[in-house]
Each structure stands twice: as C-alpha cells, then as structure tokens.
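All chains, full assembly: derive it from the sequences and hints.
Each residue of the sequence shown is one higher than the one before, starting from 162 at the first, in this note's numbering.
Read the hints as simulated data drawn from the structure, not as lab findings.
Among the hints, erroneous ones may be present.
Stated by the list, open to error - Think about it this way: if two alpha-carbon atoms lie no more than 20 Å apart in a straight line, the pair counts; the simulated DMTMM-like pairs of lysine to aspartate or glutamate are: (1) Lys497 / Glu485; (2) Lys197 / Asp174; (3) Lys407 / Glu446; (4) Lys318 / Glu287; (5) Lys312 / Glu230.
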Amino acid sequence: MYKCLGCGAMLQDKDEKKPGYVSEKVLIEKSNAICKRCFKIKNYGEYIPVKLSKEDYVKEVKKVLPSSELVILVVDIIEFSSSMDEDIITLIKDKPVILVVNKMDILPRQMNPSKTAVWIHERLKEYKLKVLDVAMISNISNYGVNGILRKINHFYKNGVNAVVMGATNVGKSTLINNYLAKNSVLTVSKYPGTTLNFVKMRIPDTKIVLIDTPGIIPKGRISDEVCEKCNLKIVPTKKVVVKRVKLDFERVIMLNGLLFIQNINNENERPIIDIYTGPDISVHETNIDKAEELMDRTIVNEIIKIPCDECIDTYYDNEFVYTEYSIPENTDFVIKGLGWIAVRRGPLNIKVKAPKNVEFITREVFIK
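Structure below.
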C-alpha cells in the first residue's frame with residue numbers, strides 16, 4: 162500500500178469519508194499520488210474534515226519517537242500554553258528538544274525577540290524538558306527559519322532523524338516545506354490538523370531527516386468548539402490587536418458570542434485590563450442582562466458573528482458554566498484558543514460564562 166504524499170494517510174479507494182481516499186484508477190496507476198482531501202486543500206482551499214481521536218494521534222507519534230534522536234517541538238507564541246500540551250510533554254520528556262517558537266511576526270511591536278526569549282525561558286522551567294536551544298521564527302516571512310538548521314547541525318554534525326511535533330496548526334508542515342522548497346508536497350493549509358499520519362523526508366543537501374507528525378489537539382481550546390471557518394477567525398494569524406478597558410462594577414465584556422466576563426470587584430474598584438486577540442474578535446461592553454440576551458442562540462445580530470450560522474447550534478449545545486476568578490495585578494488571564502487578558506490595575510475579580518470544557522489559566526504577564 163502507498164501513502165498520500167500530502168498528509169501521510171494510507172491511500173484507499175473504499176470510503177470517501179475516511180483518510181487517504183483516491184479513485185480506484187489513481188490507486189492503480191499512481192504510487193506518488195495525493196489523496197482527494199489533500200488535492201482539494203492544496204488547489205481549492207476546500208477543507209474536508211476527518212475524525213481522528215486523540216488516541217490515534219498519540220499512537221502515530223509513538224511509532225516514530227524510538228527511531229528519532231531529536232524532537233523539534235513547534236509552538237505558537239500566541240497560544241504558548243495550549244501549544245505546550247501535556248500529552249506532548251509526556252511523550253518527549255526523555256528526548257533532546259529544539260523548541261521552535263512560531264508566529265513571532267504577529268506579536269505587538271513592543272515584544273521584541275530578546276524580551277520574548279527571556280519570557281519563554283522562564284516558562285520552560287515549568288515543563289522540565291531537555292531543551293537544547295530555542296529558535297524564534299515566522300513561517301510567513303521566513304524570519305529565523307534558516308537558524309533552525311544551524312542549531313541542528315551544531316548539535317548533530319553527522320546528521321539526525323528529527324521528529325517534528327506540535328499541536329494542530331502551529332506550523333509544522335509549513336516549516337518542513339520551507340526546507341524542501343520546490344520538492345515540497347506536504348499538505349499545508351490554513352485549516353488545523355491537515356497532517357494525518359507521519360511523513361518522512363530528507364532536507365536536500367543535508368543528512369537531516371525530518372518526520373512530520375499529526376498535530377495533537379490540545380484540550381480546553383475554545384477555538385476547537387466552533388466550525389473550521391470560525392476557527393480561522395478566532396486563532397490569530399495576523400497582527401494581534403489590543404483593546405484597553407476600564408471595567409466598571411458589574412459591567413460585562415463579551416468576546417463575540419463565545420463567552421462573557423463580568424466584573425465582580427467592589428464598587429469603588431475599577432480594574433484596568435488589556436485584551437489581546439486576533440483582529441476578527443469583537444470586544445463588546447454591556448450589562449449582564451443584555452449579555453445573556455445576546456448569547457441566546459435564537460437572536461441573530463451583528464455583535465455575535467462568531468459562532469456563525471453553521472456552528473451556532475452546536476456551540477450553544479455545550480454545557481455553559483459560570484466560574485469566578487481572582488487575578489492579581491500584572492498577571493495574564495489566558496483564554497485557551499483565543500487570546501489573553503493582562504491585568505494592568507487590579508486585582509481583577511470576574512465571573513466568566515463559557516462552555517464547561519474551555520480552560521483558563523493565569524501566568525506571569527507576557528507584555529509589560
């Protein structure tokens with residue numbers, strides 16, 4: 162049997178809804194084919210979702226780890242906490258790691274590489290990984306990409322098998338294609354999770370073999386609760402925007418129709434917060450009654466937009482819960498899969514309404 166050269170799935174002509182589907186003619190005539198799904202993604206930008214469990218992702222990664230001397234862990238600087246998925250950390254804890262931090266170009270201007278590097282190294286202390294080096298890059302502009310090869314050659318002068326890992330849509334396949342240039346065939350798209358099984362390729366003119374793996378879907382990301390089109394709007398791929406808010410007592414901040422945050426500080430306290438998201442996320446201030454009304458799925462309005470008509474019913478079928486948090490001054494409140502809130506004057510005491518399985522964390526402030 163042959164593998165799809167785009168996503169790594171085994172080619173088959175039995176079930177169009179399963180990974181690796183091609184017509185019988187293609188299966189017989191071409192051993193170097195890409196599947197129908199990859200063809201549509203690459204040529205038409207048309208996404209055909211497939212369902213693979215997290216167990217399947219982990220199973221695929223475990224196949225290649227024993228024969229790999231190095232792990233290249235690709236993370237999204239905007240989604241750093243989600244990118245450092247606990248399943249990934251568990252899988253690679255005994256392996257040497259080069260950490261590749263992607264999407265540096267969409268950070269606000271005040272976060273230069275040196276400041277970001279200091280913050281990253283502080284965060285890495287929490288994970289206890291064997292990190293050989295850190296590379297900060299942008300796949301879009303190719304900033305820092307060549308530096309990764311120099312780092313690999315520094316530690317592995319005689320070549321190496323390196324497995325490329327990361328959460329869905331952090332830029333793993335794009336990174337490999339930057340090295341393969343015109344010979345590139347890996348499926349790269351704006352949609353999450355387009356690599357299904359591992360794909361092994363040698364970088365031209367080197368002894369470095371890169372193995373692209375499926376992206377592990379981290380738990381707790383709000384972006385995974387919506388359709389693919391809304392996912393693209395939620396996850397920042399353009400310059401991160403910031404909105405400063407002085408939040409009065411009992412006032413509510415809505416982030417589209419995804420969730421709302423109510424200020425439950427004392428009346429004489431007026432916290433100041435900076436909200437960091439992608440440009441397609443709207444920040445709407447209102448009162449609690451209006452917020453509850455706007456998040457009623459029967460109401461169509463210009464404020465909601467996300468979730469869209471395609472996924473609004475599925476999204477609101479989630480169990481929503483109200484949870485209270487107290488966030489100190491100079492602390493970030495991270496909404497996994499969306500962005501974060503920096504508390505500039507605090508504390509910030511809030512009640513959040515969101516789907517039960519969406520996770521929130523606090524961390525040392527990223528942008529000071």
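Exercise. Taking the numbered hints from earlier one at a time, note which ones the structure violates and give those numbers from smallest to largest.
Key: Structure breaks hint 4 only.
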